[in-house]
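Protein chains: 2
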Amino acid sequence: MRYSRIPDETIRRLPVYLRGLILASGQGKKNISSNDLADSVGAYPWQIRKDFSYFGDFGTRGVGYNVRKLTKEIKKILKINIGQKAALVGVGNLGMAILAFPGFGIYGLDITAAFDVNPKKIGKKINNVTIENVSELRKIKRSKIKLAVMAVPRNAAQETADVLIEAGVRGILNFSPCYLVVPKKVKVITIDIAMDMARLPYYMPAG
Amino acid sequence: MRYSRIPDETIRRLPVYLRGLILASGQGKKNISSNDLADSVGAYPWQIRKDFSYFGDFGTRGVGYNVRKLTKEIKKILKINIGQKAALVGVGNLGMAILAFPGFGIYGLDITAAFDVNPKKIGKKINNVTIENVSELRKIKRSKIKLAVMAVPRNAAQETADVLIEAGVRGILNFSPCYLVVPKKVKVITIDIAMDMARLPYYMPAG
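Protein chains in written order, with the numbering used here: chain A, 1 to 207; chain B, 1 to 207.
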């Protein structure tokens with residue numbers, strides 16, 4: 001099921017709520033109120049209730065949300081209830097950090113392939129993944145990998161995206177500070193660290 | 001001036017537009033239409049017009065936006081018209097990537113100090129910044145650094161934030177996958193790579 005009228009901002013917040021629910025579950029909680037969930041992730045209770053209202057009635061008045069049921073629902077909405085394999089392209093400092101990052105598992109995400117141009121890196125094994133030559137990138141098609149993380153230099157970004165898409169990738173997490181031209185069937189989320197940091201001063205008090 | 005009624009989402013998009021304007025300026029354009037600006041950054045023209053409408057009338061009908069004037073206005077709104085110094089805490093793979101990242105300058109951001117716990121790293125110079133012992137973190141107060149990037153392990157995150165805030169930091173870009181408890185005067189933007197990736201499958205076509 002695709003909920004096409006759901007605002008992107010709601011989708012952006014669902015993984016945040018998911019983290020709160022996983023935290024609550026770890027603390028042995030069976031139910032959680034929107035207030036407590038909001039507190040645990042730094043959100044607003046009204047926002048949580050509004051976001052969930054797009055998908056139906058998840059809570060019970062006076063009891064709150066069933067942690068296990070809501071976790072399952074959110075994973076289903078985000079389509080991460082089934083495991084999702086991902087490929088990493090670019091194993092420089094950033095790529096290395098991503099490959100070693102332990103936080104993907106709780107979202108059902110798994111980086112199962114990594115590629116680089118540097119002969120010194122090719123063949124090395126990091127976190128159970130052997131780095132391969134980027135010339136072999138097309139082979140991810142055989143593994144039915146639909147997700148990719150791109151941590152390549154800016155001038156290699158569009159070309160890398162083109163190859164990934166040809167190989168069947170439909171979702172790209174892009175760390176190059178550039179806008180990628182992709183067909184409509186492909187979703188790109190660009191993380192531009194400088195751009196995120198550029199928003200901070202706006203919120204800072206003067207002086 | 002603080003525009004408190006401006007949606008966070010508009011503030012999120014301003015640096016995106018800024019990148020488009022810098023691109024246009026580099027191409028020698030004096031004016032740019034909302035359509036062309038939208039095309040260059042992958043946004044919607046109506047969204048651009050709506051976002052700018054919060055700040056007054058930036059464009060001229062039939063001419064578009066004056067690139068230089070709009071660049072200046074956006075920088076002023078984001079308070080990055082004056083240069084902003086930042087400290088980096090944690091120089092692992094991710095911190096190293098951040099320290100070497102060339103993209104901060106166009107937003108007037110400059111990482112001028114870096115800290116780590118690892119004795120092997122302390123004293124090393126990366127991108128003109130000498131890595132210092134994290135025990136010296138409090139000294140950033142003397143340099144009037146108000147911005148910080150945190151690339152520390154999760155279990156060190158809250159403590160690091162507390163020290164930073166005590167030393168005068170008011171804006172934190174946080175890469176630890178956790179929610180930081182901070183006073184209201186401090187703005188935290190958390191970048192959780194797994195969380196961003198967890199949104200991708202939602203947008204991907206089935207099958």
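Honestly, the hints are just simulated from the structure, not real lab data. Just so you know, not all the hints are guaranteed correct.
Calculated from the model, a selection of chain A residues having no Cβ within reach of chain B, i.e. all distances over 12 angstroms [stated by the list, open to error]:
id, residue
1, R61
2, K69
3, G123
4, T130
5, D162
6, D192
7, R199
Here are the simulated lysine to aspartate or glutamate pairs, EDC-like style, with alpha carbons at most 16 angstroms apart [claimed, not checked]:
id, chain 1, residue 1, chain 2, residue 2
8, A, K79, A, D110
9, B, K144, B, D110
10, B, K184, B, E166
11, A, K79, B, D196
12, A, K144, A, E166
13, B, K50, B, E9
14, A, K30, A, E73
15, A, K72, A, D57
16, B, K75, A, D196
17, A, K184, B, D39
18, B, K185, B, D162
19, B, K185, B, E166
20, A, K85, B, D196
21, A, K187, A, D8
22, A, K72, A, D39
23, B, K85, A, D196
24, A, K85, A, D57
25, A, K120, A, D110
26, B, K79, A, D8
27, A, K187, B, D8
28, A, K75, B, D196
29, B, K184, A, D39
30, A, K184, A, D196
31, B, K187, A, D196
32, A, K141, A, D162
33, A, K144, A, E159
34, B, K121, B, D110
35, A, K139, A, D162
36, A, K50, A, D110
37, B, K79, B, E166
Glycine included, each C-beta is placed from N, C-alpha and C at the ideal position.
Hint check results:
For R61(A), the non-interface assignment is confirmed: its Cβ lies about 27 angstroms from the closest Cβ of chain B, beyond the 12 angstroms cut-off. With a minimum CB-CB distance of about 19 angstroms to chain B, K69(A) clears the 12 angstroms threshold, and the non-interface call stands. Residue-level check passed: G123(A) sits 19 angstroms from the nearest beta carbon of chain B, beyond 12 angstroms. Non-interface call for T130(A) relative to chain B: holds, since the shortest CB-CB distance, roughly 18 angstroms, exceeds 12 angstroms.
Every CB of chain B lies more than 12 angstroms from the CB of D162(A), the least distance being 16 angstroms, so the non-interface label holds. Some Cβ of chain B comes within 12 angstroms of the Cβ of D192(A); the nearest lies about 7 angstroms off, and the non-interface call is violated. For R199(A), the shortest C-beta to C-beta distance to chain B comes to about 6 angstroms, within the 12 angstroms cut-off, and the non-interface label is violated. The straight-line distance between the Cα atoms of K79(A) and D110(A) is roughly 14 angstroms, inside the 16 angstroms bound, and the hint therefore holds.
Between K144(B) and D110(B) the CA atoms are separated by roughly 13 angstroms; this keeps the pair inside 16 angstroms, and the hint holds. Between K184(B) and E166(B) the CA atoms are separated by roughly 14 angstroms; this keeps the pair inside 16 angstroms, and the hint holds. A threshold of 16 angstroms between alpha carbons decides the hint, and for K79(A) with D196(B) the separation of about 14 angstroms falls inside it, so the pair holds. For the hint pairing K144(A) with E166(A), the CA-to-CA distance comes to about 12 angstroms; that is within 16 angstroms, so the pair holds.
For a cut-off of 16 angstroms, the pair hint linking K50(B) to E9(B) stands: about 11 angstroms separates their Cα positions. With a CA separation close to 15 angstroms, the supplied pair K30(A) and E73(A) stays within the 16 angstroms bound. At roughly 14 angstroms between alpha-carbon atoms, K72(A) and D57(A) fall within 16 angstroms of each other, so this suggested pair holds. For the hint linking K75(B) to D196(A), the alpha-carbon distance of about 14 angstroms falls within 16 angstroms, and the restraint holds.
Annotation: proposed proximity of K184(A) to D39(B) holds, straight-line Cα distance about 14 angstroms (limit 16 angstroms). With a C-alpha separation of about 13 angstroms, the suggested pair K185(B) and D162(B) falls inside the 16 angstroms cut-off, and the hint holds. As the CA atoms of K185(B) and E166(B) are separated by approximately 12 angstroms, the hinted pair is consistent with the 16 angstroms bound. A distance of roughly 15 angstroms separates the Cα atoms of K85(A) and D196(B); the hinted pair therefore holds under the 16 angstroms criterion.
Distance hint between K187(A) and D8(A) is fulfilled; the C-alpha atoms sit about 12 angstroms from each other, no more than 16 angstroms. Between K72(A) and D39(A) the CA atoms are separated by roughly 21 angstroms; this puts the pair beyond 16 angstroms, and the hint is violated. Of the supplied pair hints, the one linking K85(B) and D196(A) holds, its CA atoms being roughly 15 angstroms apart against a limit of 16 angstroms. Of the pairs offered as hints, the one joining K85(A) and D57(A) is violated, with about 31 angstroms between alpha carbons and a cut-off of 16 angstroms exceeded.
Restraint check for K120(A) and D110(A): not satisfied, since their Cα atoms lie roughly 24 angstroms apart, outside the 16 angstroms limit. Note on K79(B) and D8(A): the hinted pairing is violated, with a Cα-Cα distance of about 27 angstroms set against a maximum of 16 angstroms. Between K187(A) and D8(B) the alpha-carbon distance is near 22 angstroms, which puts this suggested pair outside the 16 angstroms criterion. For the hint pairing K75(A) with D196(B), the CA-to-CA distance comes to about 14 angstroms; that is within 16 angstroms, so the pair holds.
A threshold of 16 angstroms between alpha carbons decides the hint, and for K184(B) with D39(A) the separation of about 14 angstroms falls inside it, so the pair holds. With a C-alpha separation of about 25 angstroms, the suggested pairing of K184(A) with D196(A) is violated against the 16 angstroms cut-off. Our distance criterion of 16 angstroms between C-alpha atoms is met by K187(B) and D196(A), whose separation comes to about 12 angstroms. With a CA separation close to 13 angstroms, the supplied pair K141(A) and D162(A) stays within the 16 angstroms bound.
Restraint check for K144(A) and E159(A): not satisfied, since their Cα atoms lie roughly 20 angstroms apart, outside the 16 angstroms limit. A hinted pair counts as satisfied when its Cα atoms are at most 16 angstroms apart, and K121(B) with D110(B) does not qualify at roughly 20 angstroms. Distance check on the hinted pair: K139(A) and D162(A) sit about 14 angstroms apart at the alpha-carbon level, within 16 angstroms; holds. The straight-line distance between the Cα atoms of K50(A) and D110(A) is roughly 31 angstroms, outside the 16 angstroms bound, and the hint therefore fails.
At most 16 angstroms may separate the alpha-carbon atoms for a hinted pair to count; K79(B) and E166(B) exceed this at roughly 22 angstroms.
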